[in-house]
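Quick mapping for you: the protein sequence lines, in order, are chains A and B. Take 1 as the starting number for the first sequence in the working numbering and just add one per residue. Take 1001 as the starting number for the second sequence in the working numbering and just add one per residue.
Be a bit skeptical, because a hint or two may be false.
Claimed, not checked - Coverage of chain B stretches by chain A, computed from C-beta distances (three or more under 8 Å per stretch; other residues unrestricted): (1) 1034 to 1044; (2) 1053 to 1062; (3) 1112 to 1122; (4) 1146 to 1158.
As the list claims (entries may be wrong) - Part of the chain A face toward chain B, derived, beta carbon under 7 Å: (5) Leu13; (6) Arg15; (7) Ala16; (8) Leu22; (9) Trp24; (10) Thr37.
The hints are simulated quantities; they were obtained by calculation from the structure and are not laboratory data. Glycine is no exception: its CB is placed at the ideal position from the N, C-alpha and C atoms.
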Amino acid sequence: MTGSYDQERLGVLLRALRPAPLGWVRAAQELPSARRTIDEIVARAEADLAFREALITNLEQALAVEGYEPDRRILDELRDRLTER
Amino acid sequence: MSRLVTLSDAELVQHCRAGDPGAWNELVERYSRYVYAIAIRGFRLSDEDAEDVFQDVFTRVYTRLDSLRDDSALRPWIAQLTRRRCLDALVSKGREVPAEEVYSVDESTDLAEVEEAFTVREALAGLSESCQDILDRFFTRDQSYRTISNELDLPSGTIASRIARCLGRLRDQLEGRNDASEGSRK
């Protein structure tokens, strides 16, 4: 820290922390619900082999049939979780 | 203003762990600019890579919050996670990252400026909401005097002096001369 802040310096520092794109912030804030969705789908897949097969065959289609509308990150994580065993 | 805004980082972490639904939103709100600035200013990542880093950092914070040993060390922890992910992003894009760059990120001018900017931002939170608003509009949202005047229904001729006055209060806050009427978040 410089310990001396004139108006120009304060302006530079205020400009250095611009808002992140709103969509990014919203997506990060929705992480808890996204995690719950992932856990719910994985639990269902473990209990229902037919659902699991459908997910592995065509993830997006199987989820759409069940009324899920996951974003890319949820899809990526589901692919990892479903194939990690 | 939400009561969560006034919490210290350690208190906020504890609220997150307890499942307080607003606490996570506040944590993301408090650190979103910081993570974004490290990725964009500190490491000059593309928007696409910065978005991946941004989401990955918050995912890691969310899933590993229990592993944080000192709740008051949230900021350095997030900084470290972000810097590591930024370096990973650069390496995965095929950019060579010299060893000295890995070990000297703390000395980077841009990263040091992000750290100082965060300190200023914390001090900003101690000013009145009207000062926070007008400084944010002018400096980080690039709004003109005319736009600020229209949106806040203030005479356009007073905008510059209001900004100057709020900057003075911000400087006082940073230099420990804060007016008793201006509360502090931390």
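Hints, verified against the model:
Counting residues of the stretch 1034 to 1044 of chain B whose CB lies closer than 8 Å to any CB of chain A gives 5, so the stated coverage by that chain holds, three being the minimum. Three residues within the 8 Å Cβ limit are the bar, and the stretch 1053 to 1062 of chain B against chain A gives 5, so the coverage statement holds. For the stretch 1112 to 1122 of chain B, the assignment as covered by chain A holds, since 8 residues bring a beta-carbon within under 8 Å of that chain's beta-carbons and 3 suffice. Given as covered by chain A, the stretch 1146 to 1158 of chain B fails the check, having 0 residues with a CB less than 8 Å from a CB of that chain where 3 are the minimum.
For leucine 13 (chain A), the suggested interface contact is upheld, since its CB lies about 4 Å from the closest CB of chain B, less than 7 Å. Look at arginine 15 (chain A): its Cβ gets to within about 5 Å of chain B, closer than 7 Å, so that hint holds up. Checking alanine 16 (chain A) against chain B by beta carbon gives a least distance of about 4 Å; that is within 7 Å, so the hint holds. Because the closest C-beta pair between leucine 22 (chain A) and chain B is about 10 Å apart, greater than 7 Å, the hint is violated.
With a cut of 7 Å, the hint placing tryptophan 24 (chain A) at the interface with chain B holds, because the nearest CB-to-CB distance is about 5 Å. Hint status for threonine 37 (chain A): violated, given a least beta-carbon distance of 14 Å to chain B, over 7 Å.
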